[in-house]
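Participant: Here is how the chains run, residue by residue.
Number of protein chains: 2
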Amino acid sequence: MHEKLRAHIEKIVHLTDEEYVFVSSHFTERHYKKREFLIQKDENVKYAYFVLSGLLMLGYNDEAGKHHIASFAMEDWWETDFLAYHTQTKATLSLQCLEPTHVLCLSLENYQRLCAGLQKMEHFFLAKANSGHIASQQRILSFLTSNATERYDQLLRRYPALLQRVPKTLIASYLGVSRETLSRLSS
Amino acid sequence: MHEKLRAHIEKIVHLTDEEYVFVSSHFTERHYKKREFLIQKDENVKYAYFVLSGLLMLGYNDEAGKHHIASFAMEDWWETDFLAYHTQTKATLSLQCLEPTHVLCLSLENYQRLCAGLQKMEHFFLAKANSGHIASQQRILSFLTSNATERYDQLLRRYPALLQRVPKTLIASYLGVSRETLSRLSS
Chain A
1 MHEKLRAHIE KIVHLTDEEY VFVSSHFTER HYKKREFLIQ KDENVKYAYF VLSGLLMLGY
61 NDEAGKHHIA SFAMEDWWET DFLAYHTQTK ATLSLQCLEP THVLCLSLEN YQRLCAGLQK
121 MEHFFLAKAN SGHIASQQRI LSFLTSNATE RYDQLLRRYP ALLQRVPKTL IASYLGVSRE
181 TLSRLSS
Chain B
1 MHEKLRAHIE KIVHLTDEEY VFVSSHFTER HYKKREFLIQ KDENVKYAYF VLSGLLMLGY
61 NDEAGKHHIA SFAMEDWWET DFLAYHTQTK ATLSLQCLEP THVLCLSLEN YQRLCAGLQK
121 MEHFFLAKAN SGHIASQQRI LSFLTSNATE RYDQLLRRYP ALLQRVPKTL IASYLGVSRE
181 TLSRLSS
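So the protein sequences, as listed, match chains A and B.
With full-length UniProt numbering applied, the first sequence covers 1 to 187.
With full-length UniProt numbering applied, the second sequence covers 1 to 187.
Check each hint, because a few of them may be wrong.
Heads up, simulated DSS-like pairs for lysine-lysine below, C-alpha to C-alpha not over 30 Å straight-line [claimed, not checked]:
id : chain 1 : residue 1 : chain 2 : residue 2
1  : A       : Lys128    : B       : Lys34
2  : B       : Lys128    : A       : Lys120
3  : A       : Lys46     : A       : Lys33
4  : A       : Lys120    : B       : Lys46
5  : A       : Lys34     : A       : Lys168
6  : B       : Lys120    : A       : Lys46
7  : B       : Lys33     : B       : Lys4
8  : B       : Lys90     : A       : Lys11
9  : B       : Lys4      : A       : Lys4
10 : B       : Lys33     : B       : Lys120
11 : B       : Lys120    : A       : Lys90
12 : B       : Lys128    : A       : Lys11
13 : A       : Lys128    : B       : Lys4
14 : A       : Lys41     : A       : Lys128
15 : B       : Lys90     : B       : Lys34
16 : A       : Lys120    : B       : Lys90
17 : A       : Lys41     : B       : Lys128
With beta-carbon atoms standing in for the labels, derived distance ranges [claimed, not checked]:
id : chain 1 : residue 1 : chain 2 : residue 2 : range
18 : A       : Arg6      : B       : Lys66     : 39 to 49 Å
19 : B       : Gly65     : A       : Glu29     : 44 to 54 Å
20 : A       : Glu3      : B       : Ala116    : 23 to 33 Å
Non-contacting residues of chain A with respect to chain B, defined by C-beta distances greater than 12 Å in every case (computed) [said to hold, decoys possible]:
id : residue
21 : His8
22 : Ser25
23 : Lys66
24 : Asp76
25 : Leu156
These are computed hints drawn from the structure, not numbers from a lab.
Note that this is a predicted model, so its numbers are computed, not measured.
Even glycine gets a Cβ: it sits at the ideal position worked out from N, Cα and C.
Can you make the complete structure from the sequences, with help from the hints?
Facilitator: What follows is the structure, encoded as structure tokens:
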């Protein structure tokens, strides 16, 4: 199916050709246009998405109508509203394309089948979940300990490509600062 | 060994007596006094800890010497500096007892052996890692979208017991607000 998915998984576990046929049979493929939604608030969350190309934004609208950004996801990243996906509840977040985006879709049922059917895949997803958990903890610490300048510098250091591709207003929202503050930082 | 650990694991996967003997053989047991450190900054992180009783605080000292709190952990919770544990690097966080605390210790080597030796345990740890990832994402959203009052109310709703056991100064640090702000909120 997609050598990108195989290469991504094989950073963690080696798969035989036969195993990869089994793995890839659990995914479906979709193309989305710029600005299209993969997940909308209050809808069911059917899939976790593996990004083959493009750029996604996971966002949240608060009661005052203000838009906040939980995360961005580009090539080789997994994204969904994980709470709604794993607990099969309605989405509280939205997932939208910032660029034309090509994804592989994995339903929760197929995720569970993959884990049960091939321990290597359970091991792979455990490694990804641990990395995700660690990255989230680092971001929590950055909210507690860093000011806007430091958070911007961290983002620049970790994901230089992202800053080229994402409008400044959205970067400001991700960092939890105003557009004006960000302009001062990035000028 | 400890029925609490077994009961905790069996919320997710059922174990036979024989399997539980295998599982519990991977843990060692330790008692810590109030204020003792399980992890200190810049030291190696040998273990992830399962809390049988007591209360732990995972903290971070910034360059100005200010102490920030990443999380609390009480009975039935797992805690460690996950980045340092999984990547076998030096601790950036510290883990300290707020009460006399009784823990089970799991080395990374034994974590990996447990996962490889019994797929049920890999499945268990995947479920825990997914929950941890989800909880972290919810906390990130709370930093972006909620003010101090709302964050305090969320904490009160989710972990009422915690507020009885943790000094107000530490709750303030966890919420990222001043002690004075917290006094207004909780009075």
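Participant: If a hint holds in the structure, say so; if it doesn't, say that too.
Facilitator: Going down the list of hints, with the structure as the test:
The suggested pairing of lysine 128 of chain A with lysine 34 of chain B is violated, with an alpha-carbon distance near 35 Å, which exceeds 30 Å. Of the supplied pair hints, the one linking lysine 128 of chain B and lysine 120 of chain A holds, its CA atoms being roughly 18 Å apart against a limit of 30 Å. Between lysine 46 of chain A and lysine 33 of chain A the alpha-carbon distance is near 19 Å, which keeps this suggested pair within the 30 Å criterion. Taken as a hint, the lysine 120 of chain A and lysine 46 of chain B pair is honoured in the structure, with Cα atoms around 25 Å apart against an allowance of 30 Å.
A hinted pair counts as satisfied when its Cα atoms are at most 30 Å apart, and lysine 34 of chain A with lysine 168 of chain A qualifies at roughly 17 Å. Proximity of lysine 120 of chain B to lysine 46 of chain A is assessed by CA-CA distance (about 25 Å); at most 30 Å being required, the pair is judged to hold. Straight-line distance between C-alpha atoms of lysine 33 of chain B and lysine 4 of chain B comes to about 20 Å, which keeps the hinted pair within the 30 Å bound. As the CA atoms of lysine 90 of chain B and lysine 11 of chain A are separated by approximately 24 Å, the hinted pair is consistent with the 30 Å bound.
Of the pairs offered as hints, the one joining lysine 4 of chain B and lysine 4 of chain A is violated, with about 43 Å between alpha carbons and a cut-off of 30 Å exceeded. About 34 Å separates the Cα atoms of lysine 33 of chain B and lysine 120 of chain B, which puts this hinted pair outside 30 Å; it is violated. Annotation: proposed proximity of lysine 120 of chain B to lysine 90 of chain A holds, straight-line Cα distance about 29 Å (limit 30 Å). The suggested pairing of lysine 128 of chain B with lysine 11 of chain A holds, with an alpha-carbon distance near 23 Å, which does not exceed 30 Å.
For the proposed pair lysine 128 of chain A and lysine 4 of chain B, the alpha carbon gap of about 28 Å is at most 30 Å, so the pair holds. Simply put, lysine 41 of chain A and lysine 128 of chain A have alpha-carbon atoms about 25 Å apart, close enough for the 30 Å limit, and the pair holds. Taking the CA atoms of lysine 90 of chain B and lysine 34 of chain B, the gap is about 24 Å. The hint holds against a cut of 30 Å. Restraint check for lysine 120 of chain A and lysine 90 of chain B: satisfied, since their Cα atoms lie roughly 29 Å apart, inside the 30 Å limit.
Taken as a hint, the lysine 41 of chain A and lysine 128 of chain B pair is honoured in the structure, with Cα atoms around 25 Å apart against an allowance of 30 Å. Checked against the hint of 39 to 49 Å, the C-beta distance between arginine 6 of chain A and lysine 66 of chain B comes to roughly 46 Å, which is consistent with it. A C-beta distance of roughly 52 Å is found between glycine 65 of chain B and glutamate 29 of chain A, which places it inside the suggested range of 44 to 54 Å. The supplied range of 23 to 33 Å is met by glutamate 3 of chain A and alanine 116 of chain B, whose beta-carbon atoms lie about 27 Å from each other.
The Cβ of histidine 8 of chain A sits about 18 Å from the closest Cβ of chain B, beyond the 12 Å cut-off, so the non-interface label holds. Its beta-carbon lying about 21 Å from the closest one in chain B, serine 25 of chain A satisfies the requirement of being farther than 12 Å from that chain. Non-interface status of lysine 66 of chain A relative to chain B is broken: a Cβ of that chain comes within 12 Å, the nearest being about 8 Å off. Non-interface status of aspartate 76 of chain A relative to chain B is upheld: no Cβ of that chain comes within 12 Å, the nearest being about 17 Å off.
Annotated as non-interface, leucine 156 of chain A keeps its C-beta farther than 12 Å from every C-beta of chain B; the closest such distance is 19 Å.
Hint compliance for this structure: hints 1, 9, 10, 23 are broken, all remaining hints hold.
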